[in-house]
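Colleague: This is what each chain is made of:
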Amino acid sequence: MQGIGLSASTVAAAARARLLIDVESAARLLAPMWPLHSFVAVNPLMGLLELGFEGAVREASRWLPMQGYPSPQFMEEEYHRGRVTDADLLAVLVDRRLDVNQTLPLLHAWLSGPEAIPASGKAGEQVDLARDVGWSYAIDAQLAAFCCAFADEGASTWGLGERSGGLYRCWRAVAAYDPLLRRQLRHRVAHAIAALPADPEEALLNALVRLDISEVHRVAQLRRRVARLPGWVSYAQWRQEWSGPDCASPPLRVVDLLAVQMSYEALLLDPEAMKANAPPISAGSDSVCAAIWLEAYERHYQDDLLAKLPVRQGPEEAKSPQAQIVFCIDARSERLRRHLEATGPYTTFGFAGFFGFPVAVAGMADRYATARCPVLMSPRGVVRERPAAGQERAAAFYLRKRARAAAVHNAWRAGKTVPGSPFVLAEALGWWLLPSASIRTFWPRGARRRGPATVLDSGDAGGLSLHERILFAENALLSMGLVRGFARLVVLCGHTGRTIANPHASALDCGACAGAPGGPSARVAARALNCPAVRTGLAERGVYIPPESWFLAAEHDTTTDTITILDRHLIPDGYAPELRRLESDLAEAGRRCAAERAGALPDIPRRTNSRQLAAHLAKRAADWAQIRPEWGLARNAAFVVGPRSLTFGINLEGRVFMHSYEPVLDADGTILEGILTGPLVVAQWINAQYYFSSVAPEVFGAGDKTLHNPVGGIGVLSGEGRDLKIGLPWQSVAASGELYHEPMRLVVVVQAPLERLDAIMERDSVLRQLVGGRWLYLVARPSRMQAYVWREGTWHSWQPATSTSGRMRAGQE
Amino acid sequence: MQLEGLSRMTRVEVVTTGQNVALLQGVFKSAGAVGYTAMSSVWGLGHHGVHPGRLAFNERDTQVLIFTVLAEEAAPDLVSAVRHWLSDRPGVMFVSEVYVSRPEYFR
Amino acid sequence: MIAPMNYLLLTMLVLPLLGLLAGAMAGESLVGRRFVLGLVLVNLGVAAVLAVRVTLGSAFLVPGPWGLALVGDRLGVLFSLLAASIQATVLPYAARCLERSVFRRFAVLSQALLTASELTGMAGSFGALVLGWVAASLAVYLLVSNTVPGQRGARQLGVAFMLGDGALVGALAITRHVTGGASWSALPAVGASLRAIRLSLGPVVVTAADAVAVLIVVSAIVRSALWPGPRWLSSTLAAPTPVSALLHAGVVNAGGLLLIRLSPLLVSTPGFPLALAAGLGTAALSSVGTVVRSDVKGALVHSTMSQMGFMMAECAVGAYTLAVFHLVAHAMYKASLFLNSGDGIAATVRDRQSSALAVRAPINLRLIKAAIGGAGLFLLALVAPLTHVVRGDGALTVTFAVVTSGALLWGWLERKQPLAQELWTMVMVAAGGLAYLIWSSVVVGWLGAGWSPAVPTLLSPSWLIAALLAAGGFTALVACAAPPRVVAQLQARALWASWRMPSPKGIPSIARPRGVEVVSCKESV
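Residue numbers (the working numbering), protein chains in the order written: chain Z, 3 to 815; chain A, 888 to 994; chain Y, 40 to 564.
Simulated from the structure, these hints should not be mistaken for laboratory data.
Mixed in with the good hints there might be a few duds.
What the hints assert, rightly or not - Residues from chain Y shown here face chain Z by an in silico Cβ test under 7 angstroms; the list is partial:
hint	residue
1	D112
2	T128
3	L276
4	H369
5	F417
6	L447
7	W449
8	A527
9	L529
Where a beta carbon is used, it is the ideal one built from N, C-alpha and C, also for glycine.
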């Protein structure tokens, strides 16, 4: 035992440091969970990235009741539908160098086998009160209830008092009133609580000693506890590591959670009995058959996609476009881009929805600024909305109106809280609320808030310096490959999804803007790119923007497929005719997009008229009862990096993230490196979130939306459970009991020379881990002739599965 | 070099990816260090190959150098903790003697 | 004029049954959904027509076999109208938010619940009331067990309802045994004959009326989820939003209806005091639970319990028309709030973001202004001859309205505003309060026309006013004079009590705690 010759305090310090490290190791089982007001999709197994996909799934299944692969029933249905064929299986077996004749029958036999039941039964299940529960459930229930109160960002009227010391200290102050402890410890409860250490790390160490858990087994035992409350641990991980320095919610750390949980155990449970009765830690479920079927399923799609890409010179893009429009890489933009290019002489680009300007934005009436950049970056400045020139009176009026609305809301809260007043409040309001609820249900109508004309200028005080703006602008334009040949109008189009009464609303917003609408980012970027000082700086760096080019900001509402031009008051007069034409073309493209999309939405009535369809979609977006206003990013499958000529005119069904990239501009590969280590990671997170929400919905998905109970303004509980639900709701990936999203790993197609990709993989461990660990597939297309798939350390020439099976059959005969 | 009037202390430096920095800050603090210095976007050639400097759209997967100076008596704790941490994470640690003129800043 | 009304009444009961069949056969198709919804709207229309006819004419009785009867009076028609309107709001919502197969079950069972509720409301005799009551309990149990994944929530609810229904059936059995059939007009005589039957248990003399009264009150307490009874309302959290909306709006308020209809049996028994104690206790405790919970639906559950406690207290002191007004308005209020529960995240964000819009006003000034506003409303109410319309219960309504308007002003004036705007706000709140009082007196007057029910002898509405003052005084004391430590303790106790404690039972020796010596970290390592 260490510690000989050292004082007690330094021994304790070393023990605390090691404890922190072990806690972090244990918590890596789960990924951080963003609060629902700015939901960011993450890869639920991102803490286990270095184990590779199959290894991570196996490790996670040791602790959580989940299967990381699609079920045999699902695969059987897809097989019968022809979505995955024997040819695909053969190709996968050949790649894995497995004996075809032996393995193929096993694979088919797996289809009819029962769904494997995970060995670790208790961990991670929803905390459920009404049945006879074990003590670990009871402890988790009380802890989770306390977390609901602690992490509250203002939903309750009489909240916990002093929370700045962390969860453990707050709990320790009130634990003597916990009925569970009082029932067991009776009159000794106050003494027992007072005897607990005041410091969370010390308390956890203490409890570990009391429960007789040695350092060798510590990580495993902590991981077991962590797996019992996946929601709150994920939220705590976000709060301690990813939330900004000025986050308004109380501090919650994983150490505190574990300290409380294990203090409960130390107070209530008998260590020997616990050890004797604890279920063994399972070895994890490993299904090679399931992995092979998944790979075959993915292979089928990849073959389809690669076969669609042009081998010859395809249809030409517009040579001198009327306008250039930059969309977010979001997969929903793919349809709009295609239809817009068909409508008129436009060229489109794809770039992450923050347009290269990492800022935090605060509206005129807002107290807090929210970050509007991918979560892998941190905002460099704060941009406050201010009234446009001459609009000060309108702005003051608007602020007064908002203040009045806030006062009404305050009055309502007071009316619900003051003793004796809720009764007449209910009596008075009920007569008015039900008719308005009925009207809202029968005739949903969205109300668009019209505010004064405002400006979002990143050059204002607190924002970015001129040098920073020039750098960001250059970075963005170079990454897109838009450095010359600017059209008269260049539109930066962010996107957002508008829904009502939907806790997961921000899941439909732009992920590159950290779960917020993309409109403000577009406005910030457009304003900066129109600034003469910035253009001068850009010209000095080699990017010359002609003075007649104007950058516009726009926002694409993905629920109704309407595009709105923002900041019209800033547009100079000379652009009116082009603007009119652009708007009508955008509207037409939006209508075609909606028509293409409509077939997939359930409950769409048979409409022939596009105007009726538009009205229905608008109604859907404003309908508070609508459980599925749009499909969001369901069915996302691929990420394509390359110039538009690679994908021009091809129907990719809105399933593909598309990032523009010009290989010729990028001799040293830094641009491609930036794309593959930034937006690609974000896209992989989105893909993994949808994948695991489809495949393991009880653990990594949020379950049925109709059971959701928003808590504290940060997340949802489901039904009677008290643990936060992570991931996407079932209705976002499935309809009528059938999966709509196809659970596949992302396939990345890059148009770049192989050597460049090799160099980037060598330099960047994040890409190496993603590709080498088989979290995604990397396909390179250095020329039109050939595509290469990276597998097991080298590039293999891509062959469609049908040709492989053909060769095999030919070889057999 | 005149080293009179300077106090000898121990410097512990760690080079690792940006996502591990938060944990290391916590480890440093709980092991008794009162402060630290961090430098981001460091690049170089390591055991696993070249590490790039700045990435355009990612601040968490670049290398960070974080170091702290603390009293010699307190150093073994921190070193043992960081070694424990390094047992399953990528990174390197350098421990060296250092002489400072304001020892009270580091206690 | 009587015969068509009979048919109208029977139509209103039969329509939901048709809807049930339609839902069962075609509930998953668009046509089926629209048909069921249409039937519900027709039902609503029929109820409205009945309401008009009852207003213009007088109450009528439709006798039936086995002591069953239906009555078309204002109370029953209002209750049925309420049930139909809630159904008409929740059903289209459910059509869009539930999956097809779940909606089919929801449509079928909610129509069954509608029939049972209408039967309960329009029951003309004790037997019919109990029939409707038990049918409603069964419908609720089936609804919850068929829409909640897993059987767990339903089981607790089923046990609770069996307890309540068992008590009510027991009361009916005793009554039947003593006197035979009991339609509402015959109830006072039944009550008198029950009181005449005495039984001495040691030093205490108990009458049959006491037993019947206690059983009835127990049944009402269980159905309205009041405090000493089983807290089954929390298990509705496991149900989808439209099911919860229906339960909180249509089912819990039957307890008040029960007490009102059977009030002649409760006179001079411990029934009314028992109901008052349960009602006031729940109102007080659950009000605290409402403000302490941070999840939307959990707060709504506690809110419903406290509102039902208030309604029960109003019934217990004889303010029947006020209680009915309360249960109708609350049902509409709670259904709307449940349907809007998905806004929880956005509402909290809006709150936080707008907290910078103005400077906070100092508390003393706010208090003074709120008091002025409340007093203003009181004076207005005195000036307008409203209290007379509402008989002796007027003081109750006015008192609570004054408290609410004071509370609204208190909240509204939290942000500093120009004086003109503050005065305008006070005027608006007073006007709103006046409008409420007028509307309340209209409805209450309509209900009470020609109705002279049996009221408790010892209890009167002043009990509720006293309770209100006590609660207000206690809160003021705690808020102003108690040290922060005590306030924190109270908050903690309330917090732990507001979440249902899990009850781990029957677990092997894992549960045995070994004593409470806690080894400190420094000594062990």
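Colleague: Interface hint check: D112 of chain Y, Cβ to nearest Cβ on chain Z, cutoff 7 angstroms. Holds or violated?
Modeller: Check failed: Cβ of D112 of chain Y comes no nearer than 22 angstroms to chain Z, outside 7 angstroms.
Colleague: How about H369 of chain Y: closest beta carbon in chain Z under 7 angstroms, or not?
Modeller: OK, holds: H369 of chain Y within 7 angstroms of chain Z, min 5 angstroms.
Colleague: Tell me if L529 of chain Y is really an interface residue toward chain Z, meaning its C-beta lies closer than 7 angstroms to one of theirs.
Modeller: With a closest approach of 9 angstroms, the L529 of chain Y hint is violated.
Colleague: Quick check on the hint: T128 of chain Y CB to chain Z CB, less than 7 angstroms?
Modeller: This interface hint holds because 5 angstroms falls under the 7 angstroms limit.
Colleague: Can L276 of chain Y be said to touch chain Z, with a Cβ gap under 7 angstroms?
Modeller: Hint on L276 of chain Y: holds, closest Cβ of chain Z at ~5 angstroms, below 7 angstroms.
Colleague: Quick one, is the A527 of chain Y hint okay against chain Z at 7 angstroms, beta carbons?
Modeller: Holds, about 5 angstroms.
Colleague: Verify the interface restraint on W449 of chain Y: the C-beta must sit less than 7 angstroms from at least one C-beta of chain Z.
Modeller: Check passed: Cβ of W449 of chain Y comes within 5 angstroms of chain Z, closer than 7 angstroms.
Colleague: Does the CB of F417 of chain Y sit less than 7 angstroms away from some CB of chain Z?
Modeller: This hint is violated: F417 of chain Y lies away from chain Z, its Cβ roughly 13 angstroms from the closest one there, beyond 7 angstroms.
Colleague: Under the criterion of a CB-CB separation shorter than 7 angstroms, is L447 of chain Y in contact with chain Z as hinted?
Modeller: The hint holds - L447 of chain Y has a Cβ within 7 angstroms of chain Z, the shortest such distance being about 4 angstroms.
Checked against the numbered hints given earlier, the structure breaks hints 1, 5, 9 and satisfies all the rest.
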